[in-house]
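Protein chains in written order, with this note's numbering: chain A, 1 to 360; chain B, 1 to 290; chain C, 1 to 294.
Since the hints were made in silico from the structure, they are not lab data.
Among the hints, erroneous ones may be present.
[Claimed, not checked] Derived DSS-like pairs: lysine-lysine, alpha-carbon spacing no greater than 25 Å straight-line:
1) B/Lys8 / C/Lys206
2) A/Lys176 / A/Lys26
3) A/Lys122 / A/Lys107
4) B/Lys3 / C/Lys206
5) A/Lys309 / A/Lys276
6) B/Lys3 / C/Lys125
7) A/Lys71 / A/Lys26
8) B/Lys8 / C/Lys125
9) B/Lys3 / C/Lys187
10) C/Lys187 / B/Lys8
11) A/Lys122 / A/Lys71
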Amino acid sequence: MAKITLENLAHSYLPNPKSEDDFALKELNHDWVDGEAYALLGSSGCGKSTLLNIISGLLIPSQGRVLFDGKDVTTAPTADRNIAQVFQFPVVYDTMSVRQNLAFPLKNRGMEASEIARRVQKVAAMIDMEAQLDHKARGLTADAKQKISLGRGMVREDVNALLFDEPLTVIDPHMKWELRTQLKKLHQDFGHTMIYVTHDQTEALTFADKVVVMFDGRVVQIGSPQELFERPAHTFVGYFIGSPGMNLFDAQIDGNTARVGDATVQLDGAYTAHGKTQLGVRPEFIRLSAGGEGIPATVRRVEDVGRHKIVRLDVAGREINAVATEGEEIPADTNRITFAPGSVNVYADDWRVTPRGTDA
Amino acid sequence: MNKTVNQKAWFLVLPVLILVAFSAVIPLMTVVNYSVQDTFGNNQFFWAGLTWFEDMLHSDRMWNALGRQLMFSAIILAIEVPLGIFVALNMPKKGFWSSFCLVVMSLPLLIPWNVVGTIWQIFGRVDIGLLGYTMDALGFDYNYTQDTFDAWVTVIAMDVWHWTSLVALLAYAGLRSIPDAYYQAAKIDQASRWAVFRYIELPKMAGVLMIAILLRFMDSFMIYTEPFVLTGGGPGNATTFLSIDLVKMALGQFDLGPAAAFSLMYFLVIMVISWVFYTVMTTLDKRDGK
Amino acid sequence: MTDSAIPEVVINTHEMAIEKPRTTPKRFRPSGGAVVMGLYLLFLMLPIYWLINMSLKTNSEILGAFSLWPRNLTFENYALILTDPSWYMGYVNSLIYVLMNTAISLAVALPAAYAFSRYSFMGDKHLFFWLLTNRMAPPAVFALPFFQLYSSIGLFDTHIAVALAHCLFNVPLAVWILEGFMRGVPKEIDETAYIDGYSFPTFFIKIFTPLIASGIGVAAFFCFMFSWVELLLSRTLTSVNAKPIAATMTRTVGAAGVDWGVLAAAGVLTIVPGALVIYFVRNYIAKGFALGRV
Numbered sequence: 001m002a003k004i005t006l007e008n009l010a011h012s013y014l015p016n017p018k019s020e021d022d023f024a025l026k027e028l029n030h031d032w033v034d035g036e037a038y039a040l041l042g043s044s045g046c047g048k049s050t051l052l053n054i055i056s057g058l059l060i061p062s063q064g065r066v067l068f069d070g071k072d073v074t075t076a077p078t079a080d081r082n083i084a085q086v087f088q089f090p091v092v093y094d095t096m097s098v099r100q101n102l103a104f105p106l107k108n109r110g111m112e113a114s115e116i117a118r119r120v121q122k123v124a125a126m127i128d129m130e131a132q133l134d135h136k137a138r139g140l141t142a143d144a145k146q147k148i149s150l151g152r153g154m155v156r157e158d159v160n161a162l163l164f165d166e167p168l169t170v171i172d173p174h175m176k177w178e179l180r181t182q183l184k185k186l187h188q189d190f191g192h193t194m195i196y197v198t199h200d201q202t203e204a205l206t207f208a209d210k211v212v213v214m215f216d217g218r219v220v221q222i223g224s225p226q227e228l229f230e231r232p233a234h235t236f237v238g239y240f241i242g243s244p245g246m247n248l249f250d251a252q253i254d255g256n257t258a259r260v261g262d263a264t265v266q267l268d269g270a271y272t273a274h275g276k277t278q279l280g281v282r283p284e285f286i287r288l289s290a291g292g293e294g295i296p297a298t299v300r301r302v303e304d305v306g307r308h309k310i311v312r313l314d315v316a317g318r319e320i321n322a323v324a325t326e327g328e329e330i331p332a333d334t335n336r337i338t339f340a341p342g343s344v345n346v347y348a349d350d351w352r353v354t355p356r357g358t359d360a
Numbered sequence: 001m002n003k004t005v006n007q008k009a010w011f012l013v014l015p016v017l018i019l020v021a022f023s024a025v026i027p028l029m030t031v032v033n034y035s036v037q038d039t040f041g042n043n044q045f046f047w048a049g050l051t052w053f054e055d056m057l058h059s060d061r062m063w064n065a066l067g068r069q070l071m072f073s074a075i076i077l078a079i080e081v082p083l084g085i086f087v088a089l090n091m092p093k094k095g096f097w098s099s100f101c102l103v104v105m106s107l108p109l110l111i112p113w114n115v116v117g118t119i120w121q122i123f124g125r126v127d128i129g130l131l132g133y134t135m136d137a138l139g140f141d142y143n144y145t146q147d148t149f150d151a152w153v154t155v156i157a158m159d160v161w162h163w164t165s166l167v168a169l170l171a172y173a174g175l176r177s178i179p180d181a182y183y184q185a186a187k188i189d190q191a192s193r194w195a196v197f198r199y200i201e202l203p204k205m206a207g208v209l210m211i212a213i214l215l216r217f218m219d220s221f222m223i224y225t226e227p228f229v230l231t232g233g234g235p236g237n238a239t240t241f242l243s244i245d246l247v248k249m250a251l252g253q254f255d256l257g258p259a260a261a262f263s264l265m266y267f268l269v270i271m272v273i274s275w276v277f278y279t280v281m282t283t284l285d286k287r288d289g290k
Numbered sequence: 001m002t003d004s005a006i007p008e009v010v011i012n013t014h015e016m017a018i019e020k021p022r023t024t025p026k027r028f029r030p031s032g033g034a035v036v037m038g039l040y041l042l043f044l045m046l047p048i049y050w051l052i053n054m055s056l057k058t059n060s061e062i063l064g065a066f067s068l069w070p071r072n073l074t075f076e077n078y079a080l081i082l083t084d085p086s087w088y089m090g091y092v093n094s095l096i097y098v099l100m101n102t103a104i105s106l107a108v109a110l111p112a113a114y115a116f117s118r119y120s121f122m123g124d125k126h127l128f129f130w131l132l133t134n135r136m137a138p139p140a141v142f143a144l145p146f147f148q149l150y151s152s153i154g155l156f157d158t159h160i161a162v163a164l165a166h167c168l169f170n171v172p173l174a175v176w177i178l179e180g181f182m183r184g185v186p187k188e189i190d191e192t193a194y195i196d197g198y199s200f201p202t203f204f205i206k207i208f209t210p211l212i213a214s215g216i217g218v219a220a221f222f223c224f225m226f227s228w229v230e231l232l233l234s235r236t237l238t239s240v241n242a243k244p245i246a247a248t249m250t251r252t253v254g255a256a257g258v259d260w261g262v263l264a265a266a267g268v269l270t271i272v273p274g275a276l277v278i279y280f281v282r283n284y285i286a287k288g289f290a291l292g293r294v
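Just chain A, with the same shape it has in the complex (with noise of 0.2 Å):
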């Protein structure tokens, strides 16, 4: 296990690039800490599966250094830095027994065999495969053949970092919950730092300590799931959280107030914004009135979706959301919205500024 560190780190698949279009990732600076469980979240042509062979090795970057645990291995292949890496699709040895798939990675780097044998049952027992140990590979469903690329991770103990990406797109609704509780526990008792590359936020947000939100091969924010859901650093990370995502209005910002349309908003703090501002609040945030305070608006629709309902809003001809309980009563004349206190998130050209005195 090894901390992971990118220097200046870019790629661009083009030999000679000259903007910073022609890069798929942008320019990056980061610490994977030792030990923790990483989401790689963003759509897809985001830039993240780049971003993941470069630290599997296979792709080499145009431009930065990949340490682990201080040690260059930027231009090391891959088979020297000890990772294991989960693909989309399940990549097995067909022609190979599960018993022989497990021990494969250890007989490469010429283990002793009774070594193989205690591993090999014991990762058996962890992916659950203790009783097909000697089937064929080949005739396996999906979801076991995964579970076998996972154990030949696991089955190396001391990797470095396990790497999966999106590991659970050919897996069935039902198992991928399954298999996803399964790797969130293999990470509590043996604490391999794993980083995860997916496009789906739950999958992201359950699984992970810390979710890495990419857009546009640039790292947009980092942080704790529930960081990404209070404090969305890009409008992005907003937009892409949450369902529904959050919603922004264009907004004057002046000092501790902000204009919305002719409505004034107060804000938590002194803020200094330039370009094109605007407010971002989740929908879990937005109140809803009759008269009084607060912008215009009227609903369109309510949509009921069990837990909760979602209430679509005109507001000054844009699409709004507001998330109700599900008891909570709308009331029918509604046409005024207010937000939460603290919930306003203040964006200047769709990246997040803080208020005046504050680092965070």
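We have chain A; now place chains B and C onto it with these hints.
Leaving out everything else, chains B and C in the frame of chain A:
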């Protein structure tokens, strides 16, 4: 795919049935007919029973031809299959050079078979051929028209030249169907180059290789034109394979009865061996699937 | 470890930098790949080069001093072939029966392949295997019976006779290839079309055929290939009017010995149609040779 039971589907198969019946069944019946009759010319035939079959079974000529045939097929399979796989593994994956290799490799496959024979006939001649001249200049006593060993080497070289690309192209198609993730996983598992071949590439190629081996076996067992043009079956009978012998017997000597009996047995041998190949491979496939 | 990392890092980067070419994604291939392919392609091209070389020489030069390339470049051999109808009609004859064979094979194989890929019916498996056994039938076995059959119905020395004879091995192959491609098309497409009110023929021509266009291309390619390269049957079934080019080539053996230059030129010209076909299908070759079964 689960198929619907539909007896009317026979109507869709009917054209094929009529056509193939016309070009296979009627001629085959003619052969069967000849195989049980004898003639003294003048289109007068009389029943000969199984005499021709018995004769052929005791004929050294046929057994020798069969022996040469089996040896030839075994040798070319032993060379072409590994060589084809080896070439496929070394082919460029994409870009101009990949297309270039594909085009050049396909070329021998589309040359009429007698021209293949002609090319090698010229190529191997000591007086005017590059191969023969070079061998001679290097001090080898090479002459494919006189020496049995040289004739075999030349016939085999010709077949390898002609058909290895077919195996290579099939193997290449199999290799291209392997997702990159397999190679990446193998790197992570520190698999050796041999292990990658043995556990990833070979299993994925198994299906197409089976087609390749089956096709190569069948076609090499029926080979006629190329060696006939190259060596005419000689020197002596050294390269007289089954088809060459058969045509000699039927069209050359007009021994219709023996030739027909020979034909049927020949056909039977091919079918039996192909069937064995096919069954062994499909059962291996099924056993692995468990 | 981190404490002593600074000198180590320097050494490592240095070493890695030297090894960099080896660490590109292509490094799974042995680095001698280009050498292997170079040698193999050389092996394939040399005999063909020699044929071209000879076709551009006069007979006296061929039989005279040995030379790796023509010293007195001549196109006379080609001129002779392209101006003499008894020569060039050989190409025309070959092309006629090859194209006829390809058209017939595809026309009958398409519905049959559809039946095999979609329906099960009495005796389907046996029928399929029986069809394939015809692919295994040695042409030598059929040469004489074909000769008698086509003579007796007055088709001897016609293009259609050769085209029909080649159906013996091309139809089973076409059925086999097309069946593989058709199996890849989901059955739901047929069912949807029938629900939409298409009759079988309109569905087959308008919807299904475009879906397996690549399969039809591959099947056509193989029919062309095997009909073009076959000689035993086409020579046996023709004498003058439909004589294929490959058989015409035996004319070069005369009383005065072999006319090597013309023989080589005729050989080169038989390679041209195949080379053209390959050029047009070059992007589908690998997939095509796998017969839709990868």
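TODO: Sort out whether lysine 206 of chain C lies within 25 Å of lysine 3 of chain B, counting only the CA atoms.
DONE: The hint holds at about 23 Å.
Task: Proposed proximity, lysine 187 of chain C with lysine 3 of chain B (alpha carbon, max 25 Å) - done: holds (9 Å)
TODO: Assess, step by step, whether the Cα of lysine 187 of chain C is no farther than 25 Å from the Cα of lysine 8 of chain B, and give holds or violated.
DONE: holds (18 Å)
Open item on the list: Given the hinted pair lysine 71 of chain A and lysine 26 of chain A, is their Cα-Cα distance within 25 Å?
Closed with: holds (22 Å)
Task: Given hint lysine 107 of chain A paired with lysine 122 of chain A - CA-CA distance at most 25 Å - done: Status holds; Cα separation ~16 Å.
Open item on the list: Please verify whether lysine 309 of chain A and lysine 276 of chain A have alpha carbons no more than 25 Å apart.
Closed with: Violated, at about 31 Å.
Open item on the list: For a C-alpha distance cap of 25 Å, please report whether lysine 176 of chain A and lysine 26 of chain A respect it.
Closed with: The hint is violated at about 32 Å.
- [ ] For the pair we were handed, lysine 122 of chain A and lysine 71 of chain A, check the Cα-Cα distance against 25 Å.
- [x] With Cα atoms ~30 Å apart, lysine 122 of chain A and lysine 71 of chain A exceed 25 Å; violated.
TODO: Take the C-alpha atoms of lysine 8 of chain B and lysine 125 of chain C, compute the straight-line distance between them, and say whether it is at most 25 Å.
DONE: Given that 25 Å is the threshold and the Cα spacing comes to 16 Å, the pair holds.
Task: Pair hint lysine 3 of chain B and lysine 125 of chain C, alpha-carbon separation not exceeding 25 Å - done: Distance of about 13 Å is within 25 Å: holds.
Task: Hint consistency between lysine 8 of chain B and lysine 206 of chain C [alpha-carbon to alpha-carbon, up to 25 Å] - done: holds (22 Å)
Taken one by one, the earlier hints fail for this structure at numbers 2, 5 and 11, listed in ascending order.
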